[in-house]
Amino acid sequence: MSSAIIQVEGLGKKYRLHHEQRERYTALRDVLVQQARQLFQGRGNDAATEEDFWALKDVSFEVKQGDVVGIIGRNGAGKSTLLKLLSRITAPTVGRIHLRGRVATLLEVGTGFHPELTGRENIFLNGAILGMDRVEIRSKFDEIVAFAEVEKFLDTPVKRYSSGMYVRLAFAVAAHLDPEILVVDEVLAVGDAAFQKKCLGKMSDVASREGRTVLFVSHNMPTVMRLCRRAILLDRGSIVMDGPCAEVAHRYMNDGKFTGAERLWEDTAKAPGNEFARLLAVRVLGPEGRPAPRVDITKPVTLEMEFRVLQGGQVLVPNLHLYNEEGTCVFVTGDSDPVARNTPRAPGFYRSRVEIPANYLSEGGHYVNAVVSTINPVILHFYERDAVVFHVFDEMNGDSARVDYAGPYPGVVRPKFPWVTALSAPSPAVN
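Under my numbering, the residues of the sequence shown are numbered 1 to 431, in order.
Incorrect hints may have been included.
[Said to hold, decoys possible] List of simulated lysine-lysine pairs, DSS-like, C-alpha gap at most 30 Å:
#, residue 1, residue 2
1, Lys-416, Lys-299
2, Lys-198, Lys-64
3, Lys-140, Lys-159
4, Lys-64, Lys-140
Bear in mind the hints are in silico, worked out from the structure with no lab data behind them.
Predicted model, so just to flag it, every value in this text is computed and none were measured.
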């Protein structure tokens, strides 16, 4: 008998897509004529087609107790579908799932809690769903509330919680009610940085100290590599790689579909964004103006973002967030032009660029998050994590802050400041 706590064999999930094709009308009379035609002739010229779409196909793997496994892949790869099947939110079309133990899930914001119930009531509800009695839940209650930092709002219906408060409580409930398997989706991105760090520490603890199993979905490769020893890469519903986390993450970041220093969205309708703005492209450009996956530390580097404004009336500010491979924020920069920050943008195509000077960044991998936001009130029109990635290297030719030092060089940035050291007269205080 297998020692695996999770066994997945030949798993597949099929959806049937219904497409309805209607005639294009140019005037109201055309609509009326077509509707009259349908009364006498049935559907007239309408054509309906159906298409089978496999969100997952022939997926098989095992996970042992105490493992922390990252599930990675592009949007639409099947990650969330897999987690929903494992969480029994939906049933597979084919294949088999065998789980040894209780499963607690933290998927998209809004699942798992009843909006009309208070935070207190939802804690007991989720415990009951996991099969715990009230005595067991009470023994964990104070710990859950303290971790979530929602003491003042405990008796408020969760529909009145902010998304951050909701996620804090949802994670605390999922992690503290002693499930054997904890399933966590990208939802943690909603919380603030301090709470994200707290959650990652808790997930590590429940695996290493408590022997529980964690499945973690994220687009943040530094976070996945820090938390997980193993990763599964999905693409178009199938497993393309399963192995050591660093190797799988490297494959994902260097896949032809994830183009490293340049990423394009050719179909505006499918691009990140909303009805006001959509992201079209993000690039890392070297001194020659071409996409550069590797950047010399002694050369400037340009970050470029293209976006389209679909509707006027919003003040739209482009921002770029830079993270290193440890998941530490190096800097956040945005268009500081006072006119642009106070004037609604007209519909059209826009390109934003910012140049990072030579001898500023440190060595290693860097990840760029592309953002367009409205400042007042704060609205994120799109926030594309890890849109592009690039690597900074130092040839150690004497032109960087290292000069000829080859040892460890800490710091999230490595500026080369002008130094002056010269022979001088002693200070009066020196004997």
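Status of the hints after comparison with the structure:
1. Lys-416 <-> Lys-299: 12 Å, holds
2. Lys-198 <-> Lys-64: The hint holds at about 24 Å.
3. Lys-140 <-> Lys-159: 23 Å, holds
4. Lys-64 <-> Lys-140: 26 Å, holds
Hint check: no violations occur; every hint is consistent with the structure.
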